[in-house]
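Engineer: Could you put the whole structure together from the sequences, leaning on the hints where they help?
Sequence lines, in order, name chains A and B.
Under my numbering, the first residue of the first sequence is numbered 1, with each subsequent residue one higher.
Under my numbering, the first residue of the second sequence is numbered 545, with each subsequent residue one higher.
It is worth saying that the hints were derived from the structure and are not from the lab.
Owing to the predicted nature of the structure, the values given are computational and were not obtained by experimental measurement.
There's no promise every hint is true.
With a straight-line Cα cutoff of 27 Å, these simulated DSSO-like cross-link-like pairs (lysine-lysine) come out [unchecked claim]:
1) A:Lys242 x B:Lys1086
2) A:Lys71 x B:Lys1086
3) B:Lys564 x A:Lys489
4) B:Lys565 x A:Lys542
5) A:Lys20 x B:Lys1086
6) B:Lys1005 x B:Lys1033
7) A:Lys542 x B:Lys546
8) B:Lys649 x B:Lys564
9) B:Lys572 x A:Lys542
10) A:Lys289 x B:Lys717
11) A:Lys542 x B:Lys937
Some chain B residues judged to face chain A by a derived CB distance under 10 Å, without partners named [as the list claims (entries may be wrong)]:
12) Phe559
13) Gly600
14) Gly887
Take a look, some chain A residues computed to stay more than 12 Å from chain B by CB distance [to be verified]:
15) Asp60
16) Gln72
17) Thr137
18) Asn153
19) Ala172
20) His196
21) Arg273
22) Tyr326
23) Glu337
24) Gly340
25) His443
26) Ile452
27) Gln467
28) Arg512
Every residue, glycine too, gets a C-beta built ideally from N, C-alpha and C.
2 protein chains.
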Amino acid sequence: MKIALAQINPTVGDFSGNLKKILFFLKKAERGGADLCMFPEMAIPGYPARDLLFDGGFIDENLRTLERLAKQVGRTAAIVGFAARTGSRTGKGLFNAGALLHKGKVRQVFQKMLLPTYDVFDEFRYFDPAERVSLATIGRTTIGLSICEDIWNSSDFWEQRFYAADPVEMLAKKGAEMLVTISASPFVIGRRTLRHCVLKSIASRYGIPVFYVNQVGGNDQLIFDGCSIALDARGDVVAQGKAFEEDLVFAESHVAGPALPWIEEPVEENVYRALVLGVRDYAGKCGFKAAVIGLSGGIDSAVTACIAVEALGRKNVIGISMPSMYSSKASVTDARELAGSLGIRFAVIPITPLYRAYIQTLRPVFRRLRQDETEENIQARIRGTILMALSNKFGYLVLSTGNKSEVAVGYCTLYGDMTGGLSALSDVPKTLVYGLAHYINQHAEIIPQNCITKAPSAELKPGQSDQDSLPPYDVLDAVLTRYVEKREKPEEIIASGYDRKLVWDIVHSVERNEYKRNQAPPGLKVTTKAFGLGRRIPLAQKYY
Amino acid sequence: MKIALAQINPTVGDFSGNLKKILFFLKKAERGGADLCMFPEMAIPGYPARDLLFDGGFIDENLRTLERLAKQVGRTAAIVGFAARTGSRTGKGLFNAGALLHKGKVRQVFQKMLLPTYDVFDEFRYFDPAERVSLATIGRTTIGLSICEDIWNSSDFWEQRFYAADPVEMLAKKGAEMLVTISASPFVIGRRTLRHCVLKSIASRYGIPVFYVNQVGGNDQLIFDGCSIALDARGDVVAQGKAFEEDLVFAESHVAGPALPWIEEPVEENVYRALVLGVRDYAGKCGFKAAVIGLSGGIDSAVTACIAVEALGRKNVIGISMPSMYSSKASVTDARELAGSLGIRFAVIPITPLYRAYIQTLRPVFRRLRQDETEENIQARIRGTILMALSNKFGYLVLSTGNKSEVAVGYCTLYGDMTGGLSALSDVPKTLVYGLAHYINQHAEIIPQNCITKAPSAELKPGQSDQDSLPPYDVLDAVLTRYVEKREKPEEIIASGYDRKLVWDIVHSVERNEYKRNQAPPGLKVTTKAFGLGRRIPLAQKYY
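Structural biologist: Written out as structure tokens, the structure is:
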């Protein structure tokens, strides 16, 4: 049997657009001689549709779209994800489901059994779990049907498992001769390799080929990377979808190898491409053509601008330098040089007169109180207001430029540099921002060397440097990775060799600045634990 | 058996504070001759602790606190909520649990079976469900043990049920002679009456007395109202805890009546008291003493100021009038009059010079483009920046003043009037804001009559009135209630007699402004569906 993996980029709620896309790929698969074409989990409504799933009209339209699609399925069968009503009077009333379509009809419907409800996932909010696994017969082959999380619970792979059931084992016991998985699995650094290991272990454990199709595209915080994969019964890779692009690949179900080499690209390349896709899709799916970025002359805004140019085209990116009296000369010249090398529009809007006007306005209430962070924040908020004014006047998306390290410890101003519709780097630690800059500059100096080499500074008071307020970034990032991503206890981090005061200072900074992140723009997720959707901390709490 | 219901106000993660509070009430119950004193669900860690539950140290300290408490329990037994490790290698690893403590020891542990995972609740994210119900014997009485949601799934009460199991029925079948429920059930308009109905139906269906203790206090968006309740075996109320306050009430387990009359206070009174508690606790638990409010002379900021004064005391509330050239004279005089009648500090900070400075600064990029909402937003953002400057300089909490109607349709400026640490009215529809104003003024004119009677206006351009951009508030609120709270489909709303274009305009405004609410301050929840935690809509979507 010839199987096509169609990794498409649906938009949540764009039923006619998603249908068109599915049909386009289906016809291509048919022309390629496929017996079966697989589409991602929730390909019809898009994933994650979140609380739109509570909207009866939304579910109706998703069902109508499935029927419309079925009518156009001919000799190439299709498997496609959608939201199915359970018809039960107990439970949530919906299944995360897949349908097998063939010759004008919905032949079979199957349901997801394992519902991820952790990190960014909330599936128990919406769905009831399948009570049993489903097999289908296509030609003479018995096929095990599964959806995403269903394959992530093998007892020989995981120490601690979220679920008691292992649907893959159940399918194998019931005689599945091959496994198909439709998925919407978001990008995370290293996830592609982990996915490969999981799939390989299934193929070799049960001696069956495995066909895995994944969604591609950005949806708010999440970036789906595609990287669909087909493995033969020995666990060797026989076909792979591209990363971060729509793609259609073919594989024969019971022909072994030749095995393709397994490689995961370097972290910097993956993260860069993920962020480009995330920015492009957020803008595109929200209806923005162009983006505006405050260029400080520093590395964060430089990397953000490069990503935006790759995502939207240089004509659709506008860089604004907003110097104050505390800005170094280089802040404007470096920003201008960057804009020149990227070929983007650039303007300088000095904020000193506005800053003076605020100080003047506030003098009657501030009297002679000494300067503190208040005045620094005013500068950042003037810049935020200016960027939003450009957004309002010209319809630009404001891209905020803060990195994960500073967002983590609150070294950023709410309504100031945190202003924006999307944050490209808020899950990228500062040390990796440097890595991205080097990746961007690998063939030519796009980012001026000075942006990379100068000491990072917020330039909000005379002679300021990040390192006056923060530990060195390599230390900060190492502690943050342990504390935020790996959830190590502070005492464990200290025991592994970090200074006690340093660790506790970082932990307290992280937890006491949750209120800022609670009002931050959505930020693209690239690590196992991003702030936002996947990390939900109460604001009023006295533990930290 | 004499039972005490101790409705306490714990703080998330404040283990020593919560323990102290529990002991204080336990001693009081002991002095009152109670055999058993009941504390709320999760009384030890506070509810909801959210992702702090993933913190191993947090769980450890919660367990140590339970042990510490057990040692001090003497002849009055205690039932108290905490987070228990399951010890299993599958699942989430935690139970939402309760412990029965007596004479220095943890005698029994029981678990919550039904885990709410809808609206503001995410319990499947953290907990595994109990596999069986638990009974305890105290003296000679067999007691059915339950936690919050466990009692909300009776098949004769609900048409559509979230869960197949009914723990109360299971307990009754196993011979429970009375039911105890420890709970953390947030306030919602009408919820108290619904709770009473549910409890009464249980008592009368099974002919057993029911003892229900509820948490009290504000935790971020959620306000827990207390209102603990004891019912005799006929379903008559025999004891009730106060609303919105800590309280300790006693009831005999098998003595019938005299039945107390059941009354729920008027909506305005309940909402007012809920918001006062929400503001007081958010400020108190986050460490703010004082709050600053932008007083526009309108009704929203007036009502917010009254709530703040009741919550924090008049010495701890600061009102700021920030007139522009578009502000009416009355905007300052009404604000000043309000500040006078409340006895709060008041300052006028005119923003016209700042506004002119922005226009001047932006002239080179805006050229001769005509004025639009950009210039209106600049005014709002200047005000936001000034309030944040006062917050930064003096440590005030900024209370944002937008109501639910305007937040729903996006008639508000991100980083402008949406600035703040907490939003008191963001779940209060405009029509109910008027109701609150009348409630506040029932005995004396605290809010100047002019704030209430004048036509609402944002005063961001000459001669502006809300009704130029929005439908009349009674119509808007009626449609919003149907669409947001009751989740009626737009076509259903139209079919019930509303204008088609009006309904679709409102629906589109709601959905297209999700990006603003996504960065809004937390807002206190008082309706069945508040924006924020309980309503999770994708930003990049093409359905609406």
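Engineer: Are the hints correct? Go through all of them and say.
Structural biologist: How the hints compare with the structure:
1. Pair hint A:Lys242 plus B:Lys1086 holds up; C-alpha atoms about 26 Å apart against a cutoff of 27 Å.
2. A C-alpha spacing of about 24 Å is found between A:Lys71 and B:Lys1086, which places the hinted pair at or below 27 Å, so the restraint holds.
3. The hinted pair formed by B:Lys564 and A:Lys489 meets the criterion: a straight-line CA distance of about 26 Å does not exceed 27 Å.
4. For the suggested pair B:Lys565 and A:Lys542, the alpha carbons sit about 15 Å apart, so the restraint of at most 27 Å is met.
5. Only pairs whose Cα atoms come within 27 Å are accepted, and A:Lys20 paired with B:Lys1086 is accepted, the gap being roughly 15 Å.
6. A distance of roughly 35 Å separates the Cα atoms of B:Lys1005 and B:Lys1033; the hinted pair therefore is violated under the 27 Å criterion.
7. Of the supplied pair hints, the one linking A:Lys542 and B:Lys546 is violated, its CA atoms being roughly 34 Å apart against a limit of 27 Å.
8. A C-alpha spacing of about 18 Å is found between B:Lys649 and B:Lys564, which places the hinted pair at or below 27 Å, so the restraint holds.
9. Distance restraint check for B:Lys572 and A:Lys542: the Cα-Cα separation of roughly 26 Å lies within the 27 Å cut-off, and the hinted pair is therefore satisfied.
10. A threshold of 27 Å between alpha carbons decides the hint, and for A:Lys289 with B:Lys717 the separation of about 64 Å lies outside it, so the pair is violated.
11. About 23 Å separates the Cα atoms of A:Lys542 and B:Lys937, which keeps this hinted pair within 27 Å; it holds.
12. Because the closest C-beta pair between B:Phe559 and chain A is about 8 Å apart, less than 10 Å, the hint holds.
13. Restraint check, B:Gly600 versus chain A: the minimum CB separation of about 6 Å is within 10 Å; hint holds.
14. Interface hint at B:Gly887: violated, since its Cβ lies 19 Å from the closest Cβ of chain A, which is beyond the 10 Å cut-off.
15. The Cβ of A:Asp60 does not lie farther than 12 Å from every Cβ of chain B; its closest approach is about 9 Å, which violates its non-interface assignment.
16. With a minimum CB-CB distance of about 21 Å to chain B, A:Gln72 clears the 12 Å threshold, and the non-interface call stands.
17. The claim that A:Thr137 lies off the interface holds: its Cβ sits roughly 31 Å from the closest Cβ of chain B, which is beyond the 12 Å cut-off.
18. Distance check for A:Asn153 against chain B: the nearest CB is about 9 Å away, which does not clear 12 Å, and the non-interface claim fails.
19. With a closest Cβ-Cβ approach of about 19 Å to chain B, A:Ala172 is found to remain outside the 12 Å limit, as its non-interface label requires.
20. Its beta-carbon lying about 24 Å from the closest one in chain B, A:His196 satisfies the requirement of being farther than 12 Å from that chain.
21. The non-interface label for A:Arg273 is consistent with chain B: the shortest C-beta to C-beta separation is roughly 19 Å, beyond 12 Å.
22. For A:Tyr326, the requirement that its beta carbon stay farther than 12 Å from each beta carbon of chain B is met, with the minimum near 17 Å.
23. With a minimum CB-CB distance of about 21 Å to chain B, A:Glu337 clears the 12 Å threshold, and the non-interface call stands.
24. For A:Gly340, the shortest C-beta to C-beta distance to chain B comes to about 19 Å, beyond the 12 Å cut-off, and the non-interface label holds.
25. Every beta carbon of chain B lies more than 12 Å from that of A:His443, the smallest distance being close to 32 Å; the non-interface claim holds.
26. Against the 12 Å criterion, A:Ile452 stays outside the reach of chain B, whose nearest CB is about 29 Å from its own CB.
27. Interface exclusion of A:Gln467 from chain B stands, the closest Cβ pair being 23 Å apart, more than 12 Å.
28. Under the 12 Å C-beta cut-off, the non-interface status given to A:Arg512 relative to chain B is violated; the minimum distance is some 9 Å.
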